[in-house]
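Given the sequences, and given the hints that come with them, work out the whole structure.
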Amino acid sequence: MEIELKLALHPRHRTQFRRHPLLNKITPVQHPLLSIYFDTAKFDLMRRGIALRLRYVNNRWIQTLKAETQSVGALTNRPEWEITVTDGKHPDFSALPPIALDLLAGIKLKRIMPVFTTEFQRTTWQIEGEQTQAEVALDNGNIYANDVSSDICEVEIELKSGTPEFLFDVAMQLLERVPLQVEPRSKAERGYILSGAATPAPVKAIQPMIEKNQSAGNVWNAILQAALMQLSANIPGFLENAHDTEYLHQLRIALRRLHTGARLAKSLGRAIPDWDQPLRQLMQALNPARDWDVFQQEILPAVLTTLESPTINTGIDDAALVLLQDTAALVRQQSQDVLRKPEFTRLVLDIGRGLLSATPAETWQQEVKTWTKAILDKRWEKLCKSCHGFAKLNASKRHKARIAAKKLRYVADAFAPIYGKRANHFIAALAAFQNELGYINDRVIGQRLLHKLPRKTASLGFELGRLSGILESSAAQHAHVPAALWQRLARSKLFWR
17 MEIELKLALH PRHRTQFRRH PLLNKITPVQ HPLLSIYFDT AKFDLMRRGI ALRLRYVNNR
77 WIQTLKAETQ SVGALTNRPE WEITVTDGKH PDFSALPPIA LDLLAGIKLK RIMPVFTTEF
137 QRTTWQIEGE QTQAEVALDN GNIYANDVSS DICEVEIELK SGTPEFLFDV AMQLLERVPL
197 QVEPRSKAER GYILSGAATP APVKAIQPMI EKNQSAGNVW NAILQAALMQ LSANIPGFLE
257 NAHDTEYLHQ LRIALRRLHT GARLAKSLGR AIPDWDQPLR QLMQALNPAR DWDVFQQEIL
317 PAVLTTLESP TINTGIDDAA LVLLQDTAAL VRQQSQDVLR KPEFTRLVLD IGRGLLSATP
377 AETWQQEVKT WTKAILDKRW EKLCKSCHGF AKLNASKRHK ARIAAKKLRY VADAFAPIYG
437 KRANHFIAAL AAFQNELGYI NDRVIGQRLL HKLPRKTASL GFELGRLSGI LESSAAQHAH
497 VPAALWQRLA RSKLFWR
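Numbers 17 to 513, taken from my numbering, label the letters of the sequence shown in order.
Simulated from the structure, these hints should not be mistaken for lab results.
A few of these clues could be false.
As the list claims (entries may be wrong) - Distance condition first, Cα-Cα at most 30 Å in a straight line; then the derived BS3-like pairs of lysine-lysine:
hint, residue 1, residue 2
1, 389, 423
2, 228, 385
3, 468, 385
4, 282, 408
5, 58, 220
6, 385, 408
7, 282, 58
8, 413, 468
9, 422, 408
10, 394, 408
11, 413, 282
12, 228, 423
13, 282, 509
To be verified - Across the chosen pairs, the derived CB separations fall in these ranges:
hint, residue 1, residue 2, range
14, 163, 320, 49 to 57 Å
15, 422, 27, 39 to 47 Å
16, 166, 313, 25 to 33 Å
17, 95, 509, 40 to 48 Å
18, 337, 441, 40 to 48 Å
19, 335, 390, 49 to 57 Å
20, 160, 422, 41 to 49 Å
21, 95, 394, 40 to 48 Å
22, 222, 178, 56 to 64 Å
23, 167, 448, 43 to 51 Å
Glycine included, each C-beta is placed from N, C-alpha and C at the ideal position.
As structure tokens, then:
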């Protein structure tokens, strides 16, 4: 079983990394590594979450088969079988144990062929604690597939003996001097992307690994682990393809799920984790980018359609459109910069280590449905109270109702896997209610964004004023959310009862 932390390093920081006080007194070992990854033409191994490679190191070929990865933040845990073989032309399947061969059942082994390679220089340091040992490796080189290549510059910290917490301790020390970044993707995953076998895509909510009869505390831990996995999985996509706004959207969903879980700690007799405060600060830092994404993709197209209607029939000045586009791009870049900072990496490591070493409180073992029912009942009662006399609520009270609906939605989504399909109808009704209230809020935020923009010329100010006026009119038209939406939700069967 391989347990490791993987972190990305910018090439310009390699010398700084090598001179780190944790490493500079240890004699490093260097050797080149050539790895050939194998699969079928239809990439059957990849589809099963299997990586099969032959690696040439120290004048011999090492065959490695790795099963599907389980990750918590930057920590990776996967089954692995490694043996020495005679050459690198083709894998030797006869040398695999039965449990590994079972993973390949149904695949025609004769059709397995090379699909991509990696070539890099590996520098390793052996780090020892009192009863622990880890290997720190700096890999620098390239991935090659289909006549294209991609750089490799990353740090792997692999556990050799002891507890996984030691990996986080080592990573934190390295992070004090070197700006490392979260990198959840293996070299194999990046190679498959480069070869065209896989297309990167935003990762939506990951179902927690909840087993029957688990305690409330273990379910809480599983919910947070799933949220941390979703967060980590969307980081590379947002940093490399920020124009795909869904990465940021899913990243923020993961942050909300983590925040919700952190607040639920009190119900289990635990203190709210120390990482919750920096988590909230991060959420606030990313809010402007998401606000601009919503404006650009959802609000502005509707406004332009209104301007081009027969009753108005006047488009918007190009200078205003350029200003909107440039501002959105700048804010998105600022959000990327936030995620590249060591503080964000430290936050992910803090959460991962905290979940790994969580110690049960007395209430940790309480029955899970008793726990979830108490929480859902409390949030449902707050929503009902805020929606009393819904048809007559003013804008301020409807905003409070939206917040109450949002908080209920967070915990309902988190607990849904425990209840299965019976939760779907209620959550759908809650989502429809929340989205309708959110429609008004998005347009109010849109007006605020427009008011903050510089009006360098009179014509630009006029155009921004027109946009703001249309948003104000649109919000006013939706000021009275149909009472039927609340009535539908109020009549829905509460899945937790």
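Hints violated by the structure (numbers, ascending)
3, 4, 6, 7, 14 and 22
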